[in-house]
Amino acid sequence: MSDIILLFTALSFKKMKNNIRVERAILRITQQQLAEMIGVSRQTINAIEANKYVPSTVLALKIAKVCSKKVEDVFFLEDTD
Amino acid sequence: MLVFMECIIYICGINLIIDIMKTNYLFPNSFRMIGWVLLIPAIVLGYMVLFENLEFSFLNVKTLSLLPDSLFGATSNTNSLWSVVEDNFTQELVGILFIVSAIFVAFSKEKNEDEYIYKIRLESLVWATYLSFAIQILCILFFYDFTFLKSMMINTVTILIVFIVRYNFIIYRSKFQKDEE
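Chains as they are written, first to last, in this note's numbering: chain A, 1 to 81; chain B, 1 to 181.
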């Protein structure tokens, strides 16, 4: 029981972060270009980069595909400070 | 047999997801412009109807009145289910115009519809519901008689107004956030 509580608290302090901005810099594309490549609006990319919005699995997979990396390399969990 | 059933369920599931992504419950993008064009005169006319008693004389018509229960005792038979009354149709017409155009503005697709827009739309809808009912509670508490009646008339569209303002504000704000290179 205490393990479950521990796990729960550990998970609740995690937040999803991403390094799309870095990946974009490597590919030398703007937010607008990335948005057009995966068929969303520029605001969506902006919100994801600012960690304001957690994308759906489909969108995360698409972004990873554009960067030709694994999803885990683009999106990851991080402790909130 | 079981595998076959699973396949059917799987295919149905995929179709459902595709249906949700297509959002067939929203109006096409062009309806937003039509909505705005109709909404602006509707706001002006609505203000005039509510506060300046605007009535177009050519709109005096006989209309059907269901469950008549007049405040002023004008109708002869208050026990009947319906009656025909002479009424000026301006209020009704402006009200309908306002609601229809506001719905067009509020629930039209964006040019670039995606899941983030979805989230903003849903959040704004919840916001609008909370705020409009909070206003409604305040009206119930503090307004009586005719003021209450009038506040309820206005309150029928508060939810739409709050939604339009909140949704467009968030979209506008996110549009002008700089692409930090």
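Be aware that a few hints might be false.
As the list claims (entries may be wrong) - Short derived list, chain A residues pointing at chain B, Cβ under 8 Å:
no. : residue
1   : Q43
2   : N46
3   : S56
4   : L59
5   : A60
6   : F75
Hints listed in this document are in silico derivations from the structure and should not be mistaken for laboratory results. In this text, all values refer to a predicted model and were calculated from it rather than measured experimentally. Even glycine gets a Cβ: it sits at the ideal position worked out from N, Cα and C.
Item to check | Agreement of hint A:Q43 with chain B interface, Cβ distance less than 8 Å | outcome: At 4 Å from the nearest chain B Cβ, A:Q43 passes the 8 Å test, so the hint holds.
Item to check | A:S56 as an interface hint toward chain B, with CB separation required under 8 Å | outcome: 5 Å, holds
Item to check | A:L59 as chain B interface residue, shortest Cβ-Cβ below 8 Å | outcome: 6 Å, holds
Next on the checklist: Would the hint on A:A60 be counted as holding, given a Cβ-Cβ threshold of 8 Å to chain B?
Outcome noted: For A:A60, the interface hint is violated, since the closest Cβ of chain B sits about 11 Å away, which is over 8 Å.
Checklist entry - Was the hint right that A:N46 lines chain B, CB cutoff 8 Å? => result 5 Å, holds
Item to check | Residue hint A:F75, partner chain B, criterion CB-CB below 8 Å | outcome: Constraint on A:F75 not satisfied, violated at 15 Å.
Of the hints listed earlier, those the structure fails to meet are numbers 5, 6, in rising order.
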